[in-house]
Every structure is written in structure tokens, then in C-alpha cells.
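There are 2 protein chains.
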Amino acid sequence: MAQVIAERKDVDFVLFDQLNVDSLSKDPHFAEFNRKTIELIVTEARNLAIKEILPTQKDGDEIGCRFDNGKVTTPDSFKRAWDLFKEGEWVATHVNPEWGGQGMPHLVAMAAGDYFCGANFSFMMYTGLTNGAASLIENFGTDKLKKLFLKKMNSGEWTGTMLLTEPEAGSDVGRLTTSAVKNPDGTYSISGNKIFISSGEHDLSDNIIHPTLARIEGAPEGTKGISLFLVPKIWVNDDGSLGEFNDVVCTGIEEKMGIHGNATASLTLGGKGQCRGYLLGEENKGMRAMFLMMNGARLHTGAQGFACASSSYLNALNYARDRVQGRNITATAKDAPAVPIIQHPDVRRMLMTMKANVEGMRSLLYYVSLLIDKSHIAKDPAEKATYEALIGYLTPICKGYVTDRAYDVCNLGMQVYGGYGFIKEFPQEQLVRDCRITMIYEGTNGIQAMDLLGRKTVMDGGKAMMALAAEMQKTFDQAKTFEPLKPLVEKAEALLKKLGDVAMFLGKNLMTGQVENTFAFAYTFMEVLGDAIMAWMLLWRASIASDLLAKGTRKKDEKFLDGQIKSATFYVRNVLPITHGKIETIMDNCCSAIEMDDESFGAK
Amino acid sequence: MAQVIAERKDVDFVLFDQLNVDSLSKDPHFAEFNRKTIELIVTEARNLAIKEILPTQKDGDEIGCRFDNGKVTTPDSFKRAWDLFKEGEWVATHVNPEWGGQGMPHLVAMAAGDYFCGANFSFMMYTGLTNGAASLIENFGTDKLKKLFLKKMNSGEWTGTMLLTEPEAGSDVGRLTTSAVKNPDGTYSISGNKIFISSGEHDLSDNIIHPTLARIEGAPEGTKGISLFLVPKIWVNDDGSLGEFNDVVCTGIEEKMGIHGNATASLTLGGKGQCRGYLLGEENKGMRAMFLMMNGARLHTGAQGFACASSSYLNALNYARDRVQGRNITATAKDAPAVPIIQHPDVRRMLMTMKANVEGMRSLLYYVSLLIDKSHIAKDPAEKATYEALIGYLTPICKGYVTDRAYDVCNLGMQVYGGYGFIKEFPQEQLVRDCRITMIYEGTNGIQAMDLLGRKTVMDGGKAMMALAAEMQKTFDQAKTFEPLKPLVEKAEALLKKLGDVAMFLGKNLMTGQVENTFAFAYTFMEVLGDAIMAWMLLWRASIASDLLAKGTRKKDEKFLDGQIKSATFYVRNVLPITHGKIETIMDNCCSAIEMDDESFGAK
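Sequences listed follow chains A and B, in order. Going by the working numbering, the first residue of the first sequence is number 1, and it counts up by one from there. Going by the working numbering, the first residue of the second sequence is number 1, and it counts up by one from there.
Simulated from the structure, these hints should not be mistaken for laboratory data. One or more of the hints may lead you astray.
Here are the simulated lysine-lysine pairs, DSBU-like style, with alpha carbons at most 30 Å apart [what the hints assert, rightly or not]:
| # | chain 1 | residue 1 | chain 2 | residue 2 |
| --- | --- | --- | --- | --- |
| 1 | A | Lys285 | B | Lys334 |
| 2 | A | Lys424 | B | Lys182 |
| 3 | A | Lys334 | B | Lys224 |
| 4 | B | Lys334 | A | Lys224 |
| 5 | A | Lys36 | B | Lys36 |
| 6 | B | Lys551 | A | Lys424 |
| 7 | A | Lys9 | B | Lys556 |
| 8 | B | Lys86 | A | Lys497 |
| 9 | A | Lys182 | B | Lys182 |
| 10 | B | Lys604 | B | Lys36 |
| 11 | A | Lys604 | B | Lys556 |
| 12 | B | Lys491 | A | Lys604 |
| 13 | A | Lys486 | B | Lys498 |
| 14 | B | Lys334 | A | Lys424 |
| 15 | A | Lys71 | A | Lys334 |
| 16 | B | Lys498 | A | Lys604 |
| 17 | A | Lys334 | B | Lys491 |
| 18 | A | Lys559 | A | Lys36 |
| 19 | A | Lys497 | B | Lys498 |
| 20 | A | Lys334 | B | Lys334 |
| 21 | B | Lys182 | A | Lys51 |
| 22 | A | Lys556 | B | Lys604 |
| 23 | B | Lys498 | A | Lys508 |
Using C-beta positions, here's what the derived DEER-type ranges look like [to be verified]:
| # | chain 1 | residue 1 | chain 2 | residue 2 | range |
| --- | --- | --- | --- | --- | --- |
| 24 | B | Val458 | A | Ser23 | 51 to 57 Å |
| 25 | A | Lys424 | B | Ala603 | 55 to 61 Å |
| 26 | A | Glu599 | B | Ile329 | 18 to 24 Å |
| 27 | A | Glu425 | B | Arg80 | 31 to 37 Å |
| 28 | B | Ala336 | A | Lys559 | 33 to 39 Å |
| 29 | B | Pro487 | A | Leu292 | 44 to 50 Å |
| 30 | B | Ala336 | A | Lys486 | 48 to 54 Å |
| 31 | B | Lys604 | A | Arg66 | 21 to 27 Å |
| 32 | B | Thr43 | A | Lys424 | 36 to 42 Å |
Calculated Cβ distances over 12 Å to all of chain B for the following chain A residues [unchecked claim]:
| # | residue |
| --- | --- |
| 33 | His29 |
| 34 | Asp322 |
| 35 | Met504 |
| 36 | Leu548 |
| 37 | Tyr571 |
A virtual CB, placed ideally from N, CA and C, is assigned to each residue, including glycine.
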């Protein structure tokens with residue numbers, strides 16, 4: 001079978017060679033996940049993804065979700081795929097078995113998700129949001145709520161969403177006006193309008209469970225007065241049976257650039273005064289709870305964007321091998337034959353850029369999944385805290401930086417196809433359109449950059465960044481033992497050192513009142529940190545590949561392994577000089593964007 | 001009226017302050033185009049564009065072109081707009097009045113086109129291709145053909161296309177197989193299949209005139225055996241009346257990512273053996289003729305991409321001024337109000353990036369139009385040759401570099417809108433989709449980069465690049481007379497000097513047999529040259545703005561003029577360091593993309 005979606009050899013390389021996923025099975029928590037089991041899981045996921053989910057991708061785009069009189073219909077092929085997905089028990093892969101999950105390591109779930117998201121991420125959003133909603137119940141729900149909701153959600157019988165956005169409250173969640181009034185029975189009456197609700201209404205499940213941010217009457221203004229409620233579409237009776245319609249009305253779905261397979265719903269709650277919800281967690285502590293879900297969602301968003309990039313790369317690679325066009329540029333004979341375009345230098349430049357980025361992103365996303373697993377099983381609180389700091393610090397990179405690069409990769413993947421890339425008959429243009437949303441939702445990438453610089457870099461005296469630098473240095477020390485990698489590592493180390501200077505520089509500027517100007521460089525800071533992390537991941541891969549090549553134990557993988565060294569070489573030498581240029585712009589601290597009069601941007 | 005599409009003040013600034021368009025009227029050829037006339041033309045174009053064409057943009061996207069049984073139907077609103085466009089005599093603005101054109105300077109036509117393309121570039125493609133086809137007839141047609149076709153085409157009664165691509169002959173035109181057989185009457189019987197034909201079939205005109213590349217029986221292989229023919233959809237009798245259907249059958253149109261308003265047709269010529277064409281120019285010299293049209297089309301493509309960027313910027317700017325979300329980042333009071341998002345540093349970064357790029361691109365495209373005008377009226381052959389060298393050299397930049405930056409700008413324009421940017425209700429996502437094709441058609445941007453480095457940089461001992469450098473230096477010398485610009489100019493000069501080194505370096509590598517590896521840096525070279533040209537254009541603007549501010553004669557424009565200095569400052573300090581990083585990658589000359597084994601890209 002041709003490699004589509006994700007190169008299996010690469011998935012295995014990251015799981016087993018780079019991250020040693022099977023070592024997790026030493027912990028009783030993951031005892032059953034030995035290498036053989038993990039390989040089987042990935043194989044099963046890959047088969048289901050390629051055979052059953054990938055064929056729904058075009059339907060999702062072309063038929064899309066249809067809205068009629070409050071109901072949303074998904075494409076027919078989605079129903080079959082959803083049934084198979086549920087039957088295969090893929091809905092709650094990494095969830096606690098106590099609540100109906102499979103208890104897999106996050107890292108293994110990530111590898112499975114690599115295939116699923118790549119097959120059709122609009123479809124996978126129905127699951128992804130269900131996981132997020134269920135995790136809120138698991139973390140903040142009462143025993144009653146857990147029993148009422150979790151198993152049904154984790155089996156996919158019911159699905160979930162996340163109701164934050166309102167027309168006047170997007171990035172600025174504190175402006176939301178949906179209201180909650182406590183009832184004598186302890187439930188709350190909810191009333192308000194929510195927009196941009198992914199998976200907000202559809203026909204794949206019997207019930208839809210909406211964690212909802214709302215404001216209890218008399219609560220403080222802004223984010224400090226926001227509470228989290230659990231609002232089912234159909235009320236769930238105390239015996240678990242479905243009760244009455246809970247007055248959550250879908251008033252329409254958005255026409256979008258992409259992800260047509262997922263309904264982006266506008267919902268009116270309590271239009272007839274009949275909408276009830278359960279409080280999740282404490283009153284006025286809704287934002288804290290929601291952040292837990294959002295962090296997971298941000299990592300998931302990175303994975304979505306990445307999946308588009310991985311598919312786009314493999315499509316482009318296959319196309320470049322098949323498409324015959326133009327003579328080899330070094331051919332001298334007048335009748336030299338046309339060659340596959342993979343032989344053309346500029347096509348190789350594009351493919352190599354895609355390859356290095358896809359590999360770096362895969363390693364990063366898998367690595368963060370491993371950190372999540374390690375943080376769950378860590379006994380030592382300090383160790384656990386370090387894992388959590390790393391996860392928190394890398395989250396805006398996985399969302400903001402990765403989706404930017406993923407979009408770049410998808411655009412290159414379109415470019416390799418030439419004119420065919422723009423045509424709907426081929427997969428590349430849909431990948432560009434679908435990928436584009438990942439830079440926007442779950443907090444725009446600009447918001448990620450602000451989070452990275454303004455909160456996470458300066459928090460706890462820069463502890464997270466230092467922990468990251470220490471991890472990077474470990475890899476560099478290892479990689480340096482391979483002579484050919486040494487000059488590359490030295491460049492990466494020089495960048496790492498500079499990153500420290502940049503963080504100090506920005507921190508000092510923040511402290512000395514240059515707040516606006518400093519934040520005007522938040523995005524550039526995210527980019528340079530992201531580049532450094534990619535270089536780290538690629539050198540890590542190259543180091544392992546060098547080791548395996550030296551051992552000579554994997555003859556059949558020699559070209560793959562050499563490709564790892566080539567990717568790292570390409571990245572370090574073709575990207576890091578540009579990263580240094582970006583650092584220079586930060587240190588130059590130009591203020592013109594901030595100082596310019598608003599009117600100078602142009603006439604109203 | 002709010003500024004949409006293009007900021008009028010900026011259009012006028014480039015026309016009158018930067019490029020002194022009215023000085024063209026000193027030449028008898030353009031005598032009637034004084035400032036007042038030019039202002040009137042731009043005003044008329046702007047009115048028509050905003051009032052009549054812009055409203056067709058959504059129809060073009062949503063209704064699009066419909067194919068049914070060989071016929072293509074455009075949206076109804078296109079017909080009205082087309083009639084008004086024809087009535088206003090806008091079809092052939094810069095064309096020789098002898099053949100029904102308006103004889104405008106290209107520069108004035110460009111300013112009018114700035115508004116027209118921004119209003120709906122899918123719609124404008126019907127005109128653009130007609131101009132290109134007519135120019136082929138004007139340059140290579142016999143008197144008979146000129147008389148038969150030109151006035152009808154220049155009035156818009158008939159439209160034109162360009163038939164190059166076949167399924168196996170895209171970038172590699174030499175592989176085309178459409179055949180031509182000479183008939184006793186001197187016409188040729190044409191037979192073959194063409195794809196990706198923009199404006200290839202539609203219902204806006206009575207006839208469609210197809211300049212067609214085909215191979216005469218027995219002609220040499222490759223590009224040297226290609227001839228150009230004029231193939232009308234409906235045969236034109238010698239008295240100018242329409243004759244029989246000429247067996248040019250539309251077999252379908254493509255479903256595309258964008259530009260749905262323009263039919264991308266598949267055409268079968270001579271399926272019933274009834275298709276005839278006239279030879280244009282000499283046998284086997286078709287490519288040379290076609291290149292003339294392609295160069296014009298490439299500049300036009302740059303203008304299309306740019307127009308999307310200009311619209312996207314103004315939309316984003318207006319949105320950022322209106323959208324209230326989040327407190328000012330420097331606000332300390334707990335109850336600080338939410339502010340328009342233009343106050344947020346990261347939004348300002350995006351807007352400033354868009355502004356600087358839009359301004360630089362506008363100046364560049366207008367400047368090249370001016371060069372075309374100057375080359376037409378130049379008496380001195382050496383002067384004329386210099387203009388032509390500059391035009392040729394800047395063409396791949398106007399196409400390849402400009403459309404890349406335009407797409408970046410459109411993506412930023414979507415990002416400023418947040419979630420609303422992804423929704424079809426708002427204009428930003430269509431601009432992203434429409435803009436995307438400009439990076440692909442008329443020669444992919446990779447092809448542009450190869451043309452720039454492999455042909456135009458090394459041609460004639462690097463004469464064109466030297467001529468460009470001399471023009472840049474003139475501006476720098478002028479700009480340096482303004483003290484505050486001096487440090488910026490010094491940075492631009494340093495870059496210019498380095499560019500010379502880079503060109504030498506690449507040229508030497510080409511000469512010494514490193515052909516593949518050198519071309520792997522063609523794209524980066526296009527980027528760095530493009531960055532330098534943008535810096536040049538922005539410093540030119542800043543220099544003029546400084547002069548006007550010093551004179552104090554334009555009080556009401558002070559903020560606009562200060563905005564010019566800010567754009568140049570922003571660009572030089574935030575982009576050029578990255579450009580230097582790119583140069584470093586070229587000089588480092590990493591070979592990993594070329595050297596890597598094909599198999600290492602991944603398994604088949």
C-alpha cells in the first residue's frame with residue numbers, strides 16, 4: 001500500500017527509536033502497552049483511517065453539513081465511518097478505563113490520531129471535542145455527572161462541544177453575556193447565544209453535551225465572573241435515560257473556507273426559557289476549568305494542522321515521482337527525455353522543506369504527548385512539575401508555530417502540483433483550506449504568541465524556558481558524539497544561547513515599561529523559539545539515525561536513516577540563519593508599528 | 001466613501017509624487033494625458049469598480065461559472081458589469097487607438113486596473129486575456145487579421161484566450177501534441193486537446209479568439225517545433241461577419257479553489273476535423289511570439305495578486321478600527337474598557353506588515369508600467385534597451401515575488417479578522433482563495449525564480465542587474481539627503497552590495513558545474529532580490545514624503561506622509577535582517593536537498 005497520510009516508517013521511528021514509547025510499559029499504569037501491542041494499535045488505526053475514513057474526506061468537503069430547520073445533516077458516508085470508529089473503540093483512546101476509555105498512553109493515541117486526523121480532520125473534530133468535554137466532566141463533575149455522562153460520551157454514543165464564543169466575545173471571552181440563574185433544584189437556567197460552535201449540532205449522536213461558559217446573575221464583570229455549566233441538548237434523567245429537549249436550538253451553521261464536514265453552529269440557549277445546566281466546578285471559576293480543556297484543544301489543533309501537512313507532503317512526493325515534465329537541468333543532449341519532476345532542484349527544495357518540517361512537527365507533537373504521559377505517572381512532584389512546565393511552555397508552540405508551518409507545508413504541497421494543485425479533483429487544495437482554520441481557532445496564533453511571551457516565558461522566573469533549554473542541551477550533547485553532526489549542533493547551540501539573550505532582552509523591556517513594543521515582537525519570538533525547537537527535534541532524529549547507522553543493525557532502513565541526517569542538515573543550514581535574522585529584528589526593537597498614528601495606516 | 005480596494009491617496013501618491021506620471025504628457029504620444037485627465041480616469045475607474053464590479057465578486061465566487069453541454073454560463077451580474085465595462089471603453093485602455101484602444105500610458109491603465117482587479121479579478125480575466133490575445137495579433141498578425149479581429153476584441157465584443165497547456169504539457173510546453181496541417185487556402189487544420197484555458201468558454205461575448213500553440217506536421221521536437229495559430233471559436237468571414245462554428249468544443253470546466261467567476265475550460269479543437277486557424281508569425285517561431293504575451297500576462301498576474309492584497313489590507317484595517325475586543329495591554333484599571341483591536345500590538349504588527357508590503361508592491365508594479373511607457377517613447381536605442389532590460393528583469397519579481405507576498409498579506413488579512421476571516425460572509429477568505437492561483441499560473445513562482453536566476457541574471461554579463469542596481473542607487477543617494485533616513489539607506493545599500501556578491505557567487509557556481517545545487521537556491525535568490533526591491537521602493541516613497549513634509553506644502557497629508565516614513569522604517573528594520581539570513585543560506589551552499597537519495601524522501 002502506498003504511503004498516504006503519514007509515513008509508517010517515520011511514525012515508528014519517532015515512537016520506538018526517538019521516544020522509546022515501549023518503555024512506558026514499565027509503569028504499571030501502561031503495563032499492557034508493549035511494543036507489539038502498540039504496533040498493532042497503529043496498524044489498526046492506519047487501516048481504518050485509510051480504508052474507511054479517508055474516503056469520507058471529499059464528501060465532507062463537497063457535500064458538507066446541511067442545515068435545515070434547526071437540524072444539521074452530515075454526509076451519509078460519515079455515519080458509516082462513525083459507526084466503525086465507535087465499534088473499534090477509538091473514541092476515547094487515552095481516557096481512563098474506569099470511564100470507558102482505552103487507557104492508552106497519549107503518545108500512542110497521538111500516533112493513531114496522526115492517521116485519523118490526516119484521513120479527515122473535520123470528521124475527527126466530533127471525537128476531539130467529545131474528549132475535551134468529557135475531560136471537563138471527569139475533572140470537575142460530581143460523581144453523579146460522571147456516571148450520567150462519561151461512558152456514553154467515551155463510547156461515542158453522545159458527543160461533546162465547547163461553548164465559549166459569542167458575537168461580541170471571541171478572543172475576549174470576558175465579554176460574554178450568556179446568563180445563568182440558579183433554580184431551587186440546584187440546576188441553573190441558561191440563556192444566551194453562542195456562535196462558532198464546532199460539532200455544535202449534527203446527526204451522528206443521540207445527544208450533544210455542551211460545556212458552556214455563562215455568567216451567574218450578579219457575578220463580577222470580565223473573566224472573573226464566568227462559570228462553567230454542563231448543558232445537554234437533550235436532558236438526561238437521573239436514571240440515565242434521555243428526557244426532554246433542553247431548549248438548545250441551532251439557528252444556523254456557517255459557510256466556511258474549509259472543514260465543511262464539521263458543523264460550525266450558532267446556538268440559542270433558553271430561547272423559550274427551558275434550558276437547564278449543571279454547574280461544573282465552582283461558581284465564577286469557569287475560566288480556570290475551561291483552560292484545562294483549551295490546552296488539550298490547542299495541542300489537538302496543532303495535530304490537526306500537522307496532519308494536513310503530513311498528507312500534503314506524501315501526496316506531493318508521490319506526484320513528484322510520477323509527474324514527468326521537463327528535462328533534467330544538467331542534460332546536455334538536445335533529445336534528452338523529460339524526467340519526473342522530483343529531479344528538478346526547485347521541486348527538491350520544496351519537498352525537502354516539507355519533509356524537514358513534517359518530521360520536526362511530528363517529533364514535537366509526539367514528544368509533548370510523551371510528556372503528558374510522563375507527568376501522569378511521575379511519582380516525584382518536582383519531576384511532575386517539570387513535565388507540566390514543559391507541556392505548558394510547548395503548548396503555544398504546538399498550536400501557534402506548528403499550524404503556521406503546517407500551512408506553509410500545505411501551500412508548498414499545492415505548489416508542487418502546479419495547476420493541478422488548485423483543482424478540486426486533487427487533494428491538495430482542500431488540505432490548504434482545511435489547514436487554514438488551525439491558525440485561527442482555539443486562540444489565534446497571535447494569542448498563542450502573547451501567551452508564550454507574556455505569560456509562560458516570564459512565569460516563575462523563566463523556569464519553563466530553562467527546563468526546555470536543559471532538555472535541548474541533553475540532545476545536543478548526545479548528537480555531538482557523532483562527528484558529522486558536530487558543526488550542525490554547534491549552530492543549534494549558538495542559537496540556543498542567543499535565545500536566552502532574547503528572552504532576557506524582552507523581559508527587561510517588559511519590566512521597563514515598553515509593554516506595547518515588546519508585545520509587537522511576541523510573534524517573532526514564537527517563531528524563533530519554534531525554529532530552535534524544530535532544529536532540536538531534527539538533530540535528535542539525526543543523532544539516533546547516526547547511532548543506528550553506526551551499529552549497522554538496520555540495513556533496510558539505511559536510506560530512511562540517511563534522510564534523517566539530510567533533513568537536519570538542510571534545516572540547520574537553510575533555516576537557522578534566517579532565525580538569527582529574526583532575532584536581530586527583535587534586538588533592534590524598532591517601534592514604528594506602535595508609534596505610528598492610527599490615521600497613518602490609511603484613510604477611513 | 002470608505003476606502004475599499006485601493007487607497008486613493010496612495011494611488012495618487014505613486015502616480016504623481018513618486019513616478020511623475022504627468023511628465024509623460026511631454027511626449028506627443030501621451031500629450032493628452034495631463035494630470036487632470038489622469039485624475040479623472042482614475043476616479044471613473046474607481047467609481048465603476050466600487051459601484052458596479054465589486055458587487056459581482058461574491059456572485060463570481062458563489063454562483064460561479066456553470067457548464068452545461070458545451071456551454072458556459074457566467075453569473076447574471078457579470079453581464080451587466082461587462083456591458084458597463086465595454087460602454088465605458090475600459091477593455092483596451094493602453095492599446096493603440098489605431099486599433100480601437102484608448103492609448104493610455106500603461107501606468108494610468110495600471111492605476112485603473114488596480115481598482116478593477118481589486119473589485120473582481122476573475123471578471124477582469126476576461127479582459128486581461130483579450131488584451132494579451134489582441135497584442136499577439138497586433139504584433140504578429142497580417143494586416144488582414146488585424147482588420148478582422150482587433151477592433152472587435154478591443155471593444156470587448158469578442159474576447160480572447162491563450163491556448164498553451166495540455167495534460168502532459170504544463171510547465172513543459174515543448175511536450176504539446178496539438179497538431180496543425182496546412183490547407184490549400186493557407187489556413188491550417190488544427191487538432192488537439194487543451195486544458196486550463198482561462199476564459200476559454202463563456203457567454204459574455206459573441207466570439208472567442210484563441211491564440212493556440214500547435215505543432216505543424218514534421219516540425220522539430222520540443223519548443224523549436226511549435227507554431228502559433230489564431231483559432232476563433234466562430235469562423236470570421238473575410239467581410240468581418242461571423243461564419244460557421246469552428247469546431248472548438250468546450251468539454252468541461254474545472255472545479256477550483258478560487259476564481260470561480262472565470263471559466264477554466266478544457267477545449268477540444270478539431271474533434272470533427274472542422275477546426276481551422278491562421279498562422280501568427282512564422283512557422284516554428286510560436287514560442288517566441290507567445291513569450292511576448294506571457295511577459296505581459298506575468299505582470300498582469302502580479303497585479304491580480306497585488307489587488308487581492310490591497311483589498312485585504314483595507315478590509316483588515318477597517319475591521320481593526322471597528323472591532324472592539326480586549327483591553328489595551330497597558331491598561332491597569334480593572335474596569336478598563338475593551339478597545340478597537342487596532343490598539344493591540346500584534347494586530348499593529350500584522351497591519352504594518354500588510355501596509356508596507358502593499359505599498360512596496362504598488363510602487364513596483366506601477367514603476368514597471370512606467371518603464372513600459374518609457375520604452376515605448378524612448379528615442380535613444382541604448383535608453384530603450386535599458387528600459388527593456390529592466391522590465392525583463394523585474395517581470396519574474398512582479399510575478400513570483402509579488403504574488404508570494406500578496407498571498408502572505410491576504411493570509412494576514414484573514415488573521416486580523418479572527419474566526420470571521422474563515423467565514424464566507426466576510427470577504428477575506430475569498431481573497432485568500434482567489435489570490436492563491438496567482439502563485440501558480442502563468443508559470444509557477446518556481447519557474448519565475450529559474451527565469452530570474454538562470455536566464456535574466458546571467459544574460460548579457462549581468463547587465464540587467466547592474467542597471468537595476470544603478471536605479472536603486474539613485475534613489476538611495478536622494479534619500480540620504482534626509483538625515484532621519486540615512487541609517488535606513490545605509491542598511492539598504494549594504495544589502496545591495498551583498499546582492500552583487502550573491503549573484504557573483506551563484507554565477508560562479510553555475511559556471512563550475514554546480515548547476516543543480518545552484519538552482520536549488522534560485523527561489524531564495526528571488527526572495528532576497530525582491531526584498532531589496534521592496535526596500536528600495538519604500539525608501540523612495542519615504543524620501544519623497546520627507547521632501548514634501550520638509551516643504552510643508554501638504555498639511556492635510558502629513559499623517560499619510562509620516563506613514564510612508566514609518567513603513568520604510570518598519571520594513572528595513574524588520575525584514576532586511578531576515579533577508580541577510582537568507583543570503584547567508586545561499587552562500588553556505590548546503591547540498592543536502594540535491595544529494596539526498598530519492599528514496600530517502602520516503603517510501604513509495
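(request) Output the numbers, in ascending order, of every earlier hint that fails for this structure. (result) Of the numbered hints given earlier, those the structure breaks are 2, 5, 6, 7, 8, 9, 10, 12, 14, 15, 16, 17, 20, 21, 23, 25, 28, 31, 34 and 37, listed in rising order.
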